[in-house]
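Q: Spelled out from the first residue to the last, the chains are:
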Amino acid sequence: MTDADRALLARRPDLATIAQWVKPDARVLDLGCGDGMLLRYLWKERNAEGYGVEIDDANAGACVKNDVNVLQMNLESGLETFQDQSFDYVILSQTLQAMRHTEAILREMLRVGREAIVSFPNFGHWLGRLQVVAGRMPVSESLPHTWYDTPNLHLCTIADFEDLAADLGIRVLERVVLNNGRPIHTLPNLRGSLAIYRCAAGVPG
Amino acid sequence: MNAPQFPPGSVGLVVPQKAVFAEPLSLKSGATLPGFELAYETYGTLNAARSNAVLVCHALNAAHHVAGIYAEEPENVGWWDNMVGPGKPLDTNRFFVIGVNNIGGCHGSTGPMSTNPATGKPWGGGFPVVTVEDWVLAQSKLADYLGIQTFAAVMGGSLGAMQAMQWTLSYPNRIRHSLVIASTPKLSAQNIAFNEVARQAITTDPDFHGGHYYEHGVVPRTGLRLARMLGHITYLSDDAMMEKFGRTLRSGALGFNFDIDFEIESYLRYQGDKFSTYFDANTYLRITKALDYFDPAAQFGDDLSAAMVRAKAAFLVISFTSDWRFAPARSREIVRALLDNRRVVSYLEIDAPHGHDAFLMDDPRYMSAVRAYYENMAL
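So the sequence lines, in the order shown, correspond to chains A and B. Quick note on our numbering: the first sequence kicks off at 1 and runs consecutively. Quick note on our numbering: the second sequence kicks off at 1 and runs consecutively.
A portion of the hints provided could be inaccurate.
To be verified - Computed list of lysine-lysine pairs in DSS-like fashion (alpha-carbon distance at most 25 Å, straight line):
| id | chain 1 | residue 1 | chain 2 | residue 2 |
| --- | --- | --- | --- | --- |
| 1 | B | K312 | A | K44 |
| 2 | B | K28 | B | K274 |
| 3 | A | K65 | B | K312 |
| 4 | A | K65 | A | K44 |
| 5 | B | K141 | B | K18 |
| 6 | B | K186 | B | K289 |
Rather than coming from a laboratory, the hints here were simulated on the basis of the structure.
Construct the entire structure; sequences and hints are all you get.
A: Next comes the structure, spelled out in structure tokens:
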């Protein structure tokens, strides 16, 4: 691991969990891949091959610099460029809450990939609940934006996400909840600031 | 006497060269060229491993003069001089770059203006219709001639990008990277329609003489001029044209006649006039046909993914949002076919205002992406 990799994992604790889940030589599609550092890490450490999807100019350019495959496309228009079950994992890290079409992207992820890995900031964290009780919109390390300049559209709690997963027939294979980068086992919806899920399509019928 | 001063990043003075091929070249049409010549230029140095060669393919209006200037024509700067040179995105300190004029051209390679050995007269209208596949075949002969087994990259914009794509299909083992910029896997009916109007402008010019106008000592200049004016409209976006010319009046008032009123009219006439003095109408006809005929999916039941199975190269595909001639959706078709085949590909959709011509411009996102892509290229 390079210093840059270590710095990245310190900055984005969900990525370490995601990296642990990805099996060697896997095919990975990283939606909203930012500067491509997760893909680069998975490539170097797991020999994973894959592509990032990124709409932002600066991020897409950074991906080219980081020597990872990037496709500058809008996720909101779906994943129609990708064939059914053409990836082992489709990753959506800390982007779900900024998507307009939440259900559609989750369905698309499991059409294109055998497994979906999703991480999002937990709106149920106690700090946020306290701020709401105090009459304020939550602002925290995992939700750093003020209400008027947030890119987030669809914030949810751990309980909310699991309800939606059940409604969509999505099976949760694994869940990790973190707070300050540390795993939370008791009262995760209250104590966790970041949730990471590994999911698969439900058994038909 | 002072040494000539060049702007930073210029390859400086360049001298075109000529490669002569005595063996016949069989073309896709079934015709054969008994032999042919290619005009080309090179910049940088081929390394000992011969692994740093990059072929730059030209589009409709350009040729082998990609970068640098000619000693006797200091105004004649290469058409992609902003892209190619020492320290530029395609860095000639690291890469050996080749520009070549395609067959059927009018800048020194064998074309309609060349002498047909069978008649001793210029080929004129008798020069065969050539295709992108034919050009790539001829380019491969130049690679052989220069001792290059495998190109680090083949790169082009528009029609040039079609050649970069065709290389991955014709010679999948001879190209490691393909840079496909502002292109399409095939022309649309509208694209062909524009080409046909351009061709009609040329072939209905009274000075055309079935393409044998050289013998009559004339040039179908009116037709060529119209063809260029029409083409030029398709190279710019509506917004870019409005931004540049608006409805500005040349003389400040409407003339109520059919002379130039608006600046855009003046611009198009100027472009058409200039082009018609140096470009050959027979070449223009053939290049537009090569565009129309390019369709690698055709022999695979229109399945581009099936066509791209042969390609092994890594791809960088770039489109520009305001390009309505070859819109981003056309580039995405290429990307999709590559993804279907699990090929290494990056795709950038640059939000540039200039239209199709954006591939020749200096957009920093575009230039830095191309630079980074070349920097990461192992030699």
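Q: Hint by hint, say whether it matches the structure.
A: Going through the hints against the structure:
1. At most 25 Å may separate the alpha-carbon atoms for a hinted pair to count; K312/B and K44/A meet this at roughly 22 Å.
2. Under the criterion of a C-alpha separation no larger than 25 Å, the hint pairing K28/B with K274/B is inconsistent with the structure, at around 33 Å.
3. Distance restraint check for K65/A and K312/B: the Cα-Cα separation of roughly 22 Å lies within the 25 Å cut-off, and the hinted pair is therefore satisfied.
4. With a CA separation close to 15 Å, the supplied pair K65/A and K44/A stays within the 25 Å bound.
5. At roughly 13 Å between alpha-carbon atoms, K141/B and K18/B fall within 25 Å of each other, so this suggested pair holds.
6. Between K186/B and K289/B the alpha-carbon distance is near 12 Å, which keeps this suggested pair within the 25 Å criterion.
Going through the hint list in order, the structure does not satisfy hint 2, though it satisfies all others.
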